[in-house]
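Asks: So the chains spell out like this:
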Amino acid sequence: MNRQAQSAVLFLLGASLLHAGTTDLYLRYVKAGLQPLLLAAGAVLIATALATAWYEWRATSHGETATTPSAAPAHPEPRVSWLLVLPLLALILVAPPALGSYSATRTGTSLQEPLAYPALPAAGDLRLSVVDYAGRAVYDDGRTLTGRRIRLTGFLALDRDGTPYLVRMALNCCAADAQPVKVGLTGRIPPVLQPDTWLEITGTYTPHRVKDPVNDGPIPFIEVTGARPVPPPKDPYDETWNT
Amino acid sequence: MEPGGAPPVATTEKARNRPDTPTGPGSPTGPGTPTGPGTPTGGDGPAAPTPRRLTSPLALTLLLLLMVLLQSPLRRALAAPVMQTWTTVFVAVMIQALPFLVLGVLLSAAIAVYVPPSFFARALPRHPALVVPVAGLAGAVLPGCECASVPVAGALVRRGVTPAAALAFLLSAPAINPIVLTATAVAFPRNPEMVLARFVASLLVACAMGWLWHRLGRTDWMRPPAHGRHESQSKGEAFWDSTRHDVMHAGGFLVVGAMAAATLKAVAPEHWLRAAADNPVVAVLALAVLAVVLSICSEADAFVAASLTQFSLTARLAFLVVGPMIDLKLFAMQAGTFGRGFAFRFAPATFVLAIGGAVLTGAVFL
Numbered sequence: 007m008n009r010q011a012q013s014a015v016l017f018l019l020g021a022s023l024l025h026a027g028t029t030d031l032y033l034r035y036v037k038a039g040l041q042p043l044l045l046a047a048g049a050v051l052i053a054t055a056l057a058t059a060w061y062e063w064r065a066t067s068h069g070e071t072a073t074t075p076s077a078a079p080a081h082p083e084p085r086v087s088w089l090l091v092l093p094l095l096a097l098i099l100v101a102p103p104a105l106g107s108y109s110a111t112r113t114g115t116s117l118q119e120p121l122a123y124p125a126l127p128a129a130g131d132l133r134l135s136v137v138d139y140a141g142r143a144v145y146d147d148g149r150t151l152t153g154r155r156i157r158l159t160g161f162l163a164l165d166r167d168g169t170p171y172l173v174r175m176a177l178n179c180c181a182a183d184a185q186p187v188k189v190g191l192t193g194r195i196p197p198v199l200q201p202d203t204w205l206e207i208t209g210t211y212t213p214h215r216v217k218d219p220v221n222d223g224p225i226p227f228i229e230v231t232g233a234r235p236v237p238p239p240k241d242p243y244d245e246t247w248n249t
Numbered sequence: 142m143e144p145g146g147a148p149p150v151a152t153t154e155k156a157r158n159r160p161d162t163p164t165g166p167g168s169p170t171g172p173g174t175p176t177g178p179g180t181p182t183g184g185d186g187p188a189a190p191t192p193r194r195l196t197s198p199l200a201l202t203l204l205l206l207l208m209v210l211l212q213s214p215l216r217r218a219l220a221a222p223v224m225q226t227w228t229t230v231f232v233a234v235m236i237q238a239l240p241f242l243v244l245g246v247l248l249s250a251a252i253a254v255y256v257p258p259s260f261f262a263r264a265l266p267r268h269p270a271l272v273v274p275v276a277g278l279a280g281a282v283l284p285g286c287e288c289a290s291v292p293v294a295g296a297l298v299r300r301g302v303t304p305a306a307a308l309a310f311l312l313s314a315p316a317i318n319p320i321v322l323t324a325t326a327v328a329f330p331r332n333p334e335m336v337l338a339r340f341v342a343s344l345l346v347a348c349a350m351g352w353l354w355h356r357l358g359r360t361d362w363m364r365p366p367a368h369g370r371h372e373s374q375s376k377g378e379a380f381w382d383s384t385r386h387d388v389m390h391a392g393g394f395l396v397v398g399a400m401a402a403a404t405l406k407a408v409a410p411e412h413w414l415r416a417a418a419d420n421p422v423v424a425v426l427a428l429a430v431l432a433v434v435l436s437i438c439s440e441a442d443a444f445v446a447a448s449l450t451q452f453s454l455t456a457r458l459a460f461l462v463v464g465p466m467i468d469l470k471l472f473a474m475q476a477g478t479f480g481r482g483f484a485f486r487f488a489p490a491t492f493v494l495a496i497g498g499a500v501l502t503g504a505v506f507l
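For the record, the sequence lines run as chains A and B. So for the first sequence, the numbering used here puts the first residue at 7; every next one is plus one. So for the second sequence, the numbering used here puts the first residue at 142; every next one is plus one.
Hints are computed from structural coordinates only; laboratory data are not their basis. Some clues are possibly wrong.
Said to hold, decoys possible - Restricting the straight-line Cα-Cα distance to at most 20 Å, the calculated cross-link-like pairs of lysine to any residue (SDA-like) are: (1) B:376 - A:56; (2) A:217 - B:450; (3) B:376 - A:68; (4) B:376 - A:165; (5) B:376 - B:252; (6) A:217 - B:252; (7) A:217 - B:257; (8) A:217 - B:418; (9) A:217 - B:413; (10) A:217 - B:376; (11) B:376 - A:206; (12) A:240 - A:197; (13) B:376 - A:63; (14) B:376 - A:62; (15) A:240 - B:418; (16) B:376 - A:60; (17) A:217 - B:416; (18) A:217 - A:166; (19) A:240 - A:63; (20) A:217 - A:192; (21) B:376 - B:218; (22) B:376 - A:66; (23) A:217 - B:248; (24) B:376 - A:30; (25) B:376 - B:450; (26) B:376 - A:144; (27) A:217 - A:165; (28) B:376 - A:53; (29) A:217 - A:144; (30) A:217 - B:414.
Said to hold, decoys possible - Simulated restraints on C-beta separations: (31) B:420 - A:224: 45 to 51 Å; (32) B:259 - A:121: 18 to 24 Å; (33) A:42 - B:256: 22 to 28 Å; (34) A:39 - B:364: 26 to 32 Å; (35) B:326 - A:63: 33 to 39 Å; (36) A:235 - B:256: 34 to 40 Å; (37) B:282 - A:237: 40 to 46 Å; (38) B:377 - A:166: 43 to 49 Å.
The beta carbon of each residue, even a glycine, is placed where N, CA and C say it ideally should be.
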C-alpha cells in the first residue's frame, strides 16, 4: 500500500469513527463514556491522513525525488495494513446490530449482588431496569417488590427448552465484555415469542427462580400480566455498573 | 464469511508479488506473512508508473467500489446470528481499541521525534537491576489499556532504552495504571485485596520478565522496524510519518487480534468453563487461557473476572494478571512491532511467569 492509499484508509477510518461517534451508532458497540475519545481519535486519524497527503504532495510537486518513497525504501508498509479496510467496511456497510439473544443464551447470567437497595417510589407502577429487578428479587428476596406492579424493558431470548427470558446485556467497556442479566417470564406470556424483540413487560414479583443452565447463576422470574412491543432503546446496553 | 474474502481485485496485485500465495488482502495472513521491511509492497514504486499497472490506490478504490456494489449479498451473508455476533464483537473491539491505539501512537511519535535519546540515558538508572523496576513502576503513569503500551514500548527501544526496561514497562503499564486499578476496585467491592494483589502480581511479573530478558534475551531476536528519521525530514513531517506508519502497522495487527477474539466470543461455548471451575489447578489454567483468547481491554477485564463467580479468587487474579500482559491481540501487535522471533519467545515466557506470579501473590494476599 503506498502513501496515497494509506492516507485514504486513514481518512476513511477517521471519518467512520466520527460518523459512529456523532450518531448513536457507537452505542451498539462501546460504552457511552467512550464518545469523546472516539471523536478525538477520529480527528487525529483524519489529521494524519491530511498531513500524509500534504507531505506527499509537497514532495512530488517540489520534485524532491530524494524524499519520494522510491528513494526512501526504508519501510514499505506490510500487507497487514490492508486488513484495516475490514473494520471500515463492517462499520460503514454492515453496521452490525447490538448483541442480542444469540449471545444471551450462550452466556450465563452475570447478576451480582447489589451494594444497596435504594428506596423506591411509594405508589404507582415501578419502572425498573432488568438488572435492578433481578438484583432485588434474588438478593433481597423481593422485599421491596412484593405487591407492586412492575414494568421492565428488555429483549426476548428463548432458552433451548423454550423458557422465555427478558434480557438486558450489561456492558462495562465494549460489546466483547457484554454479559446478559436474565429474568424469566411466567404467567400470561404473549402467545408469539420472537427472539430479539424488545418488550415492555408489566407484571408482579414471584419468588420462583431457576439456575441458569450455562453457569448456575440465579435467574428470578416475573409473573407477567401484560406485554407490549417497544422500539429498542437508544443505548441497548445496561451501563449501571459503569458508575 | 468476512467482507474481505471476496476481492479479486487486489489478489492480482498480491499474486504478482508472491505467486505462491493465492490469498486476497482480506484473509488473515497476519503474523504468518513475512512483513519485514524487506518485503516488496505492491505497486508503489513510482519510478516507472506504467499506466496499466494496478497501484494500491487503484486497488483500494476498486475494492471499496466492489464492496459497495456487493453490500446487499454481504448483509444477507452476515445475517445469521453467529456471523452477526462475530461482526458486532469485531467492530466493538476495534472501536474500543482504536482511541487507545491512537493515544499510544501519538505518544510514541512524540517520544521518537521530540525526546532526545540522551534524556532517557540521564533519567533512568544505569544498573539493570534498578532500571527494570523503575521502568515497571513508570508504567503506572500511562493511562490506558494494552493497545497504547505496545507502540510506546517500541519507541522506547528505538530511543535507546535498554530492552529489559522497555519490556517491563510494556507489561506493567496496562495493568497497574490508576484507571485499571480503580476499575478493579469497582468490580470487586467486597474484595479490596484484589486491587493490591493485582498491582503486586503485575509489577512482580513485569520485573521478572525484564530481568529474565536481561539475563537470557538476545538483541537479534528483537527486530524493531527501521524507523529512523531521514535527514531531509522536518520534525513535523517525522512526527506525522511515524504516526501514520504506526497506525497502519499496529492497526493491521489489531484487526488480526480482533478477528480472533470475535471468533472465540461467537463460537466457543461457555459451559466448558463450568467443568473447569471445580479443580483449583485447572481453574487457574482455564482462566489464564481464557484471558489470552478473549483479549479484553484491561480497563474492562475486572468486570468480566468479577462475573466468573464459580472460580476461586486466585484463578480470577490469574485472569487479571495474564490478560493485560499477553493475549491474542497483543501477541499480534508485538509480533508486528518487535518481530515474530521475539513474540514467539516472549509470549510463552510471559504466560508462564504471569500464572506463577498470580498464584504466588494469590497465596499471600487472597
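Asks: None of the hints should be skipped; say for each whether it holds.
Replies: Status of each hint after checking the structure:
1. B:376 - A:56: holds (16 Å)
2. A:217 - B:450: Within the cut-off at roughly 14 Å; holds.
3. B:376 - A:68: With Cα atoms ~19 Å apart, residue 376 (chain B) and residue 68 (chain A) stay inside 20 Å; holds.
4. B:376 - A:165: This hinted pair is violated, its Cα atoms lying about 60 Å apart.
5. B:376 - B:252: Holds. Residue 376 (chain B) to residue 252 (chain B) sits at ~12 Å (cutoff 20 Å).
6. A:217 - B:252: The hint is violated at about 53 Å.
7. A:217 - B:257: Roughly 60 Å separates the two Cα atoms, so the pair is violated.
8. A:217 - B:418: holds (17 Å)
9. A:217 - B:413: At roughly 17 Å apart (the allowed maximum being 20 Å), residue 413 (chain B) and residue 217 (chain A) satisfy the hint.
10. A:217 - B:376: Judged against 20 Å, a Cα distance of about 62 Å means the pair is violated.
11. B:376 - A:206: violated (59 Å)
12. A:240 - A:197: With Cα atoms ~27 Å apart, residue 240 (chain A) and residue 197 (chain A) exceed 20 Å; violated.
13. B:376 - A:63: holds (17 Å)
14. B:376 - A:62: holds (15 Å)
15. A:240 - B:418: At roughly 37 Å apart (the allowed maximum being 20 Å), residue 418 (chain B) and residue 240 (chain A) break the hint.
16. B:376 - A:60: holds (15 Å)
17. A:217 - B:416: Distance ~16 Å between residue 217 (chain A) and residue 416 (chain B) Cα, so the pair holds.
18. A:217 - A:166: holds (14 Å)
19. A:240 - A:63: violated (43 Å)
20. A:217 - A:192: Distance ~15 Å between residue 217 (chain A) and residue 192 (chain A) Cα, so the pair holds.
21. B:376 - B:218: violated (47 Å)
22. B:376 - A:66: holds (19 Å)
23. A:217 - B:248: Distance of about 48 Å is beyond 20 Å: violated.
24. B:376 - A:30: violated (38 Å)
25. B:376 - B:450: Since the Cα atoms of residue 376 (chain B) and residue 450 (chain B) sit roughly 52 Å apart, the hinted pair is violated (cutoff 20 Å).
26. B:376 - A:144: Violated: residue 376 (chain B) and residue 144 (chain A) sit about 61 Å apart, past 20 Å.
27. A:217 - A:165: Holds, because 12 Å separates the two Cα atoms, which is no more than 20 Å.
28. B:376 - A:53: holds (16 Å)
29. A:217 - A:144: Status holds; Cα separation ~11 Å.
30. A:217 - B:414: holds (16 Å)
31. B:420 - A:224: 45 to 51 Å: Violated - the Cβ-Cβ distance for residue 420 (chain B) and residue 224 (chain A), about 24 Å, lies outside 45 to 51 Å.
32. B:259 - A:121: 18 to 24 Å: Violated - the Cβ-Cβ distance for residue 259 (chain B) and residue 121 (chain A), about 51 Å, lies outside 18 to 24 Å.
33. A:42 - B:256: 22 to 28 Å: holds (27 Å)
34. A:39 - B:364: 26 to 32 Å: violated (38 Å)
35. B:326 - A:63: 33 to 39 Å: Violated, since residue 326 (chain B) and residue 63 (chain A) (Cβ atoms, about 51 Å apart) do not stay within the stated range.
36. A:235 - B:256: 34 to 40 Å: Violated - the Cβ-Cβ distance for residue 235 (chain A) and residue 256 (chain B), about 58 Å, lies outside 34 to 40 Å.
37. B:282 - A:237: 40 to 46 Å: holds (45 Å)
38. B:377 - A:166: 43 to 49 Å: violated (60 Å)
Violation of the numbered hints given earlier is confined to hints 4, 6, 7, 10, 11, 12, 15, 19, 21, 23, 24, 25, 26, 31, 32, 34, 35, 36 and 38; the remaining hints are satisfied by the structure.
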